[in-house]
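> Let chain A serve as the given structure and place chain B on it in line with the hints.
Protein chains: 2
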Amino acid sequence: MSTPLTHPTSFTLRDLRQAYSAAGEQAPALAGRIMADIRQRSEALRDHNIWIHLLSEREVAPYIDALVGRDPATLPLYGVPFAIKDNIDLAGIPTTAACPAYAYTPENSATVVKQLIAAGAVPVGKTNLDQFATGLVGTRSPWGPGKNSFHPEMVSGGSSAGSSLAVALGLASFSLGTDTAGSGRVPACFNNLVGLKPSIGLLSSTGMLPACRSLDCISIFALNCDDANEVLAVAEGQDDSDAYSRANPFSNRARHYGQQQGGLTLGVMPPEQLEFFGHGGYADAYKASLERIAEAGITLVEVDMSAFVEAARLLYEGPWVTERYIATRSIIEQRPEQMHEVTRAIISGGATPSAIDAFTAQYRLKALRQMAQKVLDSVDALLTPTAGRPYSIAELEADPITLNSNLGYYTNYMNLFDLAGLAVPTGFADHNGMAMPFGLTLVGEAFSDRWLLSIGNRLQQIFQLPLGKHLADYQPLVESPAAVLQRVSVVVCG
Amino acid sequence: MSTPLTHPTSFTLRDLRQAYSAAGEQAPALAGRIMADIRQRSEALRDHNIWIHLLSEREVAPYIDALVGRDPATLPLYGVPFAIKDNIDLAGIPTTAACPAYAYTPENSATVVKQLIAAGAVPVGKTNLDQFATGLVGTRSPWGPGKNSFHPEMVSGGSSAGSSLAVALGLASFSLGTDTAGSGRVPACFNNLVGLKPSIGLLSSTGMLPACRSLDCISIFALNCDDANEVLAVAEGQDDSDAYSRANPFSNRARHYGQQQGGLTLGVMPPEQLEFFGHGGYADAYKASLERIAEAGITLVEVDMSAFVEAARLLYEGPWVTERYIATRSIIEQRPEQMHEVTRAIISGGATPSAIDAFTAQYRLKALRQMAQKVLDSVDALLTPTAGRPYSIAELEADPITLNSNLGYYTNYMNLFDLAGLAVPTGFADHNGMAMPFGLTLVGEAFSDRWLLSIGNRLQQIFQLPLGKHLADYQPLVESPAAVLQRVSVVVCG
Numbered sequence: 000m001s002t003p004l005t006h007p008t009s010f011t012l013r014d015l016r017q018a019y020s021a022a023g024e025q026a027p028a029l030a031g032r033i034m035a036d037i038r039q040r041s042e043a044l045r046d047h048n049i050w051i052h053l054l055s056e057r058e059v060a061p062y063i064d065a066l067v068g069r070d071p072a073t074l075p076l077y078g079v080p081f082a083i084k085d086n087i088d089l090a091g092i093p094t095t096a097a098c099p100a101y102a103y104t105p106e107n108s109a110t111v112v113k114q115l116i117a118a119g120a121v122p123v124g125k126t127n128l129d130q131f132a133t134g135l136v137g138t139r140s141p142w143g144p145g146k147n148s149f150h151p152e153m154v155s156g157g158s159s160a161g162s163s164l165a166v167a168l169g170l171a172s173f174s175l176g177t178d179t180a181g182s183g184r185v186p187a188c189f190n191n192l193v194g195l196k197p198s199i200g201l202l203s204s205t206g207m208l209p210a211c212r213s214l215d216c217i218s219i220f221a222l223n224c225d226d227a228n229e230v231l232a233v234a235e236g237q238d239d240s241d242a243y244s245r246a247n248p249f250s251n252r253a254r255h256y257g258q259q260q261g262g263l264t265l266g267v268m269p270p271e272q273l274e275f276f277g278h279g280g281y282a283d284a285y286k287a288s289l290e291r292i293a294e295a296g297i298t299l300v301e302v303d304m305s306a307f308v309e310a311a312r313l314l315y316e317g318p319w320v321t322e323r324y325i326a327t328r329s330i331i332e333q334r335p336e337q338m339h340e341v342t343r344a345i346i347s348g349g350a351t352p353s354a355i356d357a358f359t360a361q362y363r364l365k366a367l368r369q370m371a372q373k374v375l376d377s378v379d380a381l382l383t384p385t386a387g388r389p390y391s392i393a394e395l396e397a398d399p400i401t402l403n404s405n406l407g408y409y410t411n412y413m414n415l416f417d418l419a420g421l422a423v424p425t426g427f428a429d430h431n432g433m434a435m436p437f438g439l440t441l442v443g444e445a446f447s448d449r450w451l452l453s454i455g456n457r458l459q460q461i462f463q464l465p466l467g468k469h470l471a472d473y474q475p476l477v478e479s480p481a482a483v484l485q486r487v488s489v490v491v492c493g
Numbered sequence: 000m001s002t003p004l005t006h007p008t009s010f011t012l013r014d015l016r017q018a019y020s021a022a023g024e025q026a027p028a029l030a031g032r033i034m035a036d037i038r039q040r041s042e043a044l045r046d047h048n049i050w051i052h053l054l055s056e057r058e059v060a061p062y063i064d065a066l067v068g069r070d071p072a073t074l075p076l077y078g079v080p081f082a083i084k085d086n087i088d089l090a091g092i093p094t095t096a097a098c099p100a101y102a103y104t105p106e107n108s109a110t111v112v113k114q115l116i117a118a119g120a121v122p123v124g125k126t127n128l129d130q131f132a133t134g135l136v137g138t139r140s141p142w143g144p145g146k147n148s149f150h151p152e153m154v155s156g157g158s159s160a161g162s163s164l165a166v167a168l169g170l171a172s173f174s175l176g177t178d179t180a181g182s183g184r185v186p187a188c189f190n191n192l193v194g195l196k197p198s199i200g201l202l203s204s205t206g207m208l209p210a211c212r213s214l215d216c217i218s219i220f221a222l223n224c225d226d227a228n229e230v231l232a233v234a235e236g237q238d239d240s241d242a243y244s245r246a247n248p249f250s251n252r253a254r255h256y257g258q259q260q261g262g263l264t265l266g267v268m269p270p271e272q273l274e275f276f277g278h279g280g281y282a283d284a285y286k287a288s289l290e291r292i293a294e295a296g297i298t299l300v301e302v303d304m305s306a307f308v309e310a311a312r313l314l315y316e317g318p319w320v321t322e323r324y325i326a327t328r329s330i331i332e333q334r335p336e337q338m339h340e341v342t343r344a345i346i347s348g349g350a351t352p353s354a355i356d357a358f359t360a361q362y363r364l365k366a367l368r369q370m371a372q373k374v375l376d377s378v379d380a381l382l383t384p385t386a387g388r389p390y391s392i393a394e395l396e397a398d399p400i401t402l403n404s405n406l407g408y409y410t411n412y413m414n415l416f417d418l419a420g421l422a423v424p425t426g427f428a429d430h431n432g433m434a435m436p437f438g439l440t441l442v443g444e445a446f447s448d449r450w451l452l453s454i455g456n457r458l459q460q461i462f463q464l465p466l467g468k469h470l471a472d473y474q475p476l477v478e479s480p481a482a483v484l485q486r487v488s489v490v491v492c493g
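These protein sequences, in sequence, are chains A and B. Just so you know, we're using numbering that gives the first Met the number 0 here: the first sequence kicks off at 0 and counts up by one. Just so you know, we're using numbering that gives the first Met the number 0 here: the second sequence kicks off at 0 and counts up by one.
Since the hints were made in silico from the structure, they are not lab data. Don't take every hint at face value.
Any copy will do: because identical chains look the same in the list, a pair fits if it lies in one copy or spans two.
Capping the alpha-carbon separation at 20 Å, the derived lysine to aspartate or glutamate pairs in EDC-like fashion look like this [stated by the list, open to error]:
(1) K365 - D239
(2) K468 - E336
(3) K373 - D239
(4) K286 - D398
(5) K365 - D376
(6) K468 - D356
(7) K373 - E394
Isolated chain A, as found in the complex (with noise of 0.2 Å):
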């Protein structure tokens, strides 16, 4: 007598939870037909530019076949589906970047990747992204441009454009970005996502191409906070083979994430400091969070986030840019011509820099990060729009650089600054008529990470948007983080 098998109503980790429970004995057939159901679906999204690679039936089944006999309520991803960003190893499947004459397949997984796959997830493919993971749009990949997933005549933003997509539109449960300069944040925004982007050093970065390697992080995008909690247990951990890797303090370890209770101060931009770039929908949808999130009993200050923009022209004026030049040195300085042609002209500014150069802007970078001390003292954390505006892909297509670097704004400091940031959707935004998708980034020190999602929670709660593309109602926190933590440990201990 077997159990007939239910599909996840969606696939949070709730959802997907429910179902492989209920399918018992069958959960690694439900996991199987699931992946099958992914790739149909793929197919009928195909004109988003999601996939780099989209896994085949034989591809999957290594991951699926390790699930037999194992119990779903001891494995805390079992059968969940993930996307990789290609710009981070899965083994035997190639990694690309983006750039077909720099791709390589790799014998070992990322040490992320291999952490999720251990607590029983199933990767579905590697992800589109703009070449190199540098860019901000989507759009700068010979797999063709990130669509939308709202509107596929807008940017999915970028870089981890795919990764994104995957998740919006239901292919995926979470999915791994990078983030350098706003990476993992600003396509959360723009695709109604979470999007964590870590503290430096919480995720190893070990089977992951540098784009700068001082500053990136491997993210996670996911439907909600507690989901982004509990794939953070998973993946997180020092790693001894990865230099930037750093140990992870007591009071950011996952049994500290729950819904912020009680009084909170954020710290908002004075109007002067805001940027929308011309887009009133975009204006219009940061007022009205703030204003909900005030109703809410949140208190917001004003507080001089000058330091932070001028750190954010840094990323992009300044010697980092060489960091990049090193990363693609194999490709720019051989066969320059194999790389896309914005990707080529913002990274070979990366060549001429001198060490007084780079000497010098680091000086003025601790100068700012300084002054960005007292204010994030000042309050509980920060509260920034994640992108000023949304862009079409016409619109990229014809100003390449200026309107990336306008994505930039909210964004590009973080990792300069060693702060942790969390992308959380707080509406949707009039766009032409249609309903754009928007959002917060809540900023707080490194690792505060737990702190950023416990309030990122509570944000969810009070606008109880649906989930991604509409995948799903708001649901509300039901896992205490002690559960949480008993299947984590399971794994780790296992």
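Frame of chain A; chain B shown alone:
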């Protein structure tokens, strides 16, 4: 009826405090006498090239006047004479960095100097140094080479040459040096002093000329660890005007200084990583020191310090020389003939590295730092020779660059790795039949300063060496940390 003025037995803080206490209302007069005596003895020691500017009676007068009416019991450094390396500002006195063409007269004292003066300390003068604090020898100065306090034909060590000599020869109770590569430790070794290289950012760098701005520290020379701890308690503190300033964690406050007791495991280099550059006396003294420490019940374990050795080489072979170029640009680009020829030869190399070189070296440093972390985590502190061997001034002048590099073998990595260090005298070594001071350096994480001072205090108790150039016998710890704290808090709150 006035108390007869009794000169202090020595310039340890304990002896000075006793003398001022005994002087009663005559304490300011005693301070004046002490300063006059220092000027007189400085004349006799002129050949050591200690001072660039010795304060005149008139220049010292305001500092003595400020003591009138103050209670010696409530000013932690009441009437304590101290010397200032001439790359640190003292208001109204020229700062030269041992380069006359560079000299300027600052309006304000450096933050650290201000704090010491506010606590009652009296500046004696500005001390000789390797020009622009570039060197570990003390010979690179137009004011003549610093001559060792024990054997004037030998180098004093540098760059904080004069600051070490002033304390070792009894012309100051303590002194300020600076330490980028080892300038606060090597001269301590060669002159039988305690040399504290504090954690980066623990002492404000405002009013100090940068050498490598991202790595520099003001350092402290003292006769013993008790004094170094007290001076540190006054000198330290976060300073908003210094971008590299950092908050001192609770675990590193003055209250945590004491005499380390009980089990202690120190990591030492395996024989193949030790370098004495052909000096049998120093090799023997090292061996004898470790034996005595082990006999006293401290556990010594060999640890692989190859990452430290490689990082040390990066300081001068890598792009960090560019920081020295930036700091001296106005001279080296416009009036290069005004620089010491050796200094110019070294620093001019800083013009050429590219940003690619700078970031690539920073990546390598990060990897080495991670290897070092495992070593640091395995022991309570590390213990190395402070210098591999002493050199004569004549030897140095014949081969100024290689021999200088040799002196940095055990010191150059420390600020690159963001560590704290404490040089402690542990004996005398045979050098052509003469007894040359020898010492060890304790190494710990950033903000382990008080922990290292406490271990240093234990080492001083084990070795019971005379202080400086036989200025006083060893003095056991007499003051409880609580007494120190009480005095310090009077100043901070007063």
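> Tell me, please, which holds for K365 and D376 at an alpha-carbon limit of 20 Å: within, between, both or neither?
Within one copy only: 16 Å inside, 28 Å across.
> For the identical chains here, do K286 and D398 meet the 20 Å Cα criterion within one copy, between copies, both, or neither?
neither (28 Å within a copy, 69 Å between copies)
> Reference check for the pair K468 and D356, CA-CA at most 20 Å: within, between, both, or neither?
This pair counts as neither: shortest intra-copy Cα distance 45 Å, inter-copy 46 Å.
> Tell me, please, which holds for K373 and E394 at an alpha-carbon limit of 20 Å: within, between, both or neither?
Neither way: K373 and E394 sit 38 Å apart in one copy and 51 Å across, limit 20 Å.
> My question is about K373 and D239: at a cut-off of 20 Å on alpha-carbon distance, are they close within one copy, between copies, both, or neither?
Between. Shortest inter-copy distance 9 Å satisfies the 20 Å Cα cut-off; intra-copy 33 Å does not.
> When no copy is specified for K365 and D239, does a C-alpha distance of 20 Å or less occur within a copy, between copies, both, or neither?
Answer is between; shortest inter-copy Cα gap is 12 Å, intra-copy 27 Å.
> Within a copy, between copies, both or neither: where do K468 and E336 come within 20 Å Cα-Cα?
Neither. Shortest intra-copy (37 Å) and inter-copy (69 Å) distances fail the 20 Å Cα cut-off.
The structure does not agree with the numbered hints 2, 4, 6, 7 stated previously, though it agrees with the rest.
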